[in-house]
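Between the sequences and the hints, there should be enough to build the whole structure, so can you do that?
Here the sequence shown is numbered in this note's numbering, starting from 1 and rising by one per residue.
Heads up, a few of these hints could be off.
As the list claims (entries may be wrong) - Distance windows between CB atoms, simulated:
#1 ALA368 / MET506: 35 to 45 Å
#2 ASP253 / SER409: 31 to 41 Å
#3 THR448 / LEU478: 43 to 53 Å
#4 LEU478 / PRO523: 15 to 25 Å
#5 ALA489 / GLU466: 17 to 27 Å
#6 GLU466 / VAL335: 53 to 63 Å
Since the hints were made in silico from the structure, they are not lab data. Keep in mind that this is a model prediction, so the values were computed, not measured. No residue lacks a Cβ here, since even glycine has one placed at the ideal position from N, Cα and C.
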Amino acid sequence: MANPVIPSLTAEGLASEYGSDLDFGVPALSDYGSDFDNEEEALLRDLLAQIATNERRNAPQSTETHSVEGDNDAEQSTIVHVSPLPAVARVANSTAGIELFPNRRTQPIEVEYDGYSRDSWSVPRSHPTRQEQRTNPSMPTELIENDTQSPLQRFRTKPKKPLSVTDLVSPAWCELQYWYNLNKFGRKPQTPAMKQGSKVHKVLEEQVHKIVPILVESKEDRFGLRIWNTIQGLRTLRETGMTRELEIWGIVDGEVVNGVIDEVSYTCPDSGYGEALEQSKAPKIGGTRSPGQSSILQSFANDDIGVGGWVSADTSTRTTYIADVKTRGVKAVPVGASLKPTWMQLMVYRKLLKGLALNTVDAETVFARYGVLPLEPFTEQFICGASGIEQMTELEPDEEDPPDFRRASEISIHNNLSALWSLMISEFALSMKLFSDILRAEFRYAKTGEIIGNKMLVYSDKQIDEYLASEMKWWKGLREAKGVEIEDAYKCRVCPFADECTWRRMKIQEATEKYRLKAAARPKSAV
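Below, the structure is given as structure tokens:
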């Protein structure tokens with residue numbers, strides 16, 4: 001079978017392999033600008049249905065209180081190889097029949113900002129919601145002083161969602177600012193610039209995926225759809241050399257962490273940069289690896305990939321590259337300290353991705369955190385929906401192309417979360433045997449989607465391990481949040497919490513006292 005036709009990307013220069021001029025003719029009703037995501041809408045529907053049931057019974061029932069953020073289960077997509085583009089299955093609205101939801105990201109869009117685009121991160125101040133007025137009547141500083149819970153206990157403990165990669169890397173800009181955001185909003189507030197950035201990501205993803213609705217009935221169905229999406233994303237990677245919006249899970253310091261990688265590919269972003277990096281490593285590791293030599297990942301990978309193992313091309317010598325797409329309000333690539341959150345994000349992605357490829361992520365811990373039963377069978381409705389996608393293909397059965405027609409029964413064979421997770425791990429082993437240390441950040445202009453430029457960094461285990469250890473101490477309440485250092489004080493000019501920031505006041509007092517002492521120590525000139 002011929003590979004699915006993927007639109008070629010025609011941007012000039014280095015970026016030509018990764019992006020194109022984007023068409024922003026998206027429907028006006030796109031959920032990308034909605035104040036509620038799909039999971040929040042599902043929670044509201046559940047609550048309304050529960051209220052109606054309680055009223056009919058005339059007896060109140062105790063229920064578990066869920067975070068309005070939820071786990072974003074309903075926002076996942078399943079990639080299936082059909083012609084001309086792989087299809088994306090969206091969770092349909094079970095209360096109103098099948099509905100085609102616009103494709104949405106599960107993680108907040110990261111918008112890089114600096115002094116030239118400070119409006120991107122202005123916290124909305126006008127027209128506060130009644131919930132904000134009720135739960136946040138006082139200044140964030142008062143909340144911090146009176147609260148003894150750790151950030152993890154307050155904001156990322158069940159029934160609230162688990163930690164995200166965004167939670168781990170946003171404090172790299174300023175921990176105190178993120179702490180204030182959590183206290184005031186419970187998460188990073190979405191701004192108009194972030195909504196525009198979502199449109200850019202949506203257009204990029206739709207270049208390789210097509211959206212199809214699927215009905216789900218249970219939490220296990222919803223989480224199964226997320227795993228299924230990752231499986232199909234890995235297959236898209238093997239067949240086309242690139243996939244987008246790949247959801248991953250990992251465990252950091254005992255806590256489950258979830259993230260979505262913008263782009264994973266087999267294409268080196270800069271061959272000259274890659275060769276120079278390999279040559280610099282050669283003396284340290286005793287030379288470069290010969291073409292036939294097994295990598296560490298190949299040594300650890302299980303040779304028996306089990307039922308459902310599906311290889312469309314030889315990936316044994318392919319190297320995996322990770323990229324993150326950032327949208328900006330100005331046509332300028334950030335520099336210096338502004339890039340730290342981006343670099344930490346890419347390093348966390350690579351660390352989590354490698355953990356899945358090596359099968360070191362404990363599935364039971366992940367399932368327990370999401371409150372799903374690993375051996376609970378998927379519902380017939382979900383199995384039929386996932387299998388029914390195969391009917392969309394116009395291809396006829398062919399002995400040379402069994403994978404496409406075996407996939408319809410795959411979800412029936414792996415009909416619970418435990419089995420589906422095992423299938424996902426086997427797909428990781430097939431897809432990712434070598435990991436490049438080159439990490440790429442692609443910057444696009446938010447208004448048009450055009451590529452502004454690219455920045456690259458070399459991955460460092462030591463650097464990311466030290467960073468995560470420090471951040472987890474803050475999340476677990478083992479230390480207080482820190483503000484920025486004096487050399488990064490420019491960040492305070494774009495911070496909406498500058499007026500009430502305790503760290504800023506403390507630094508001003510320290511500088512004033514230092515100046516006073518220095519002045520007092522100067523010898524007075526004789527008159």
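Verification of the supplied hints:
no.	hint	verdict
1	ALA368 / MET506: 35 to 45 Å	41 Å, holds
2	ASP253 / SER409: 31 to 41 Å	40 Å, holds
3	THR448 / LEU478: 43 to 53 Å	45 Å, holds
4	LEU478 / PRO523: 15 to 25 Å	46 Å, violated
5	ALA489 / GLU466: 17 to 27 Å	24 Å, holds
6	GLU466 / VAL335: 53 to 63 Å	23 Å, violated
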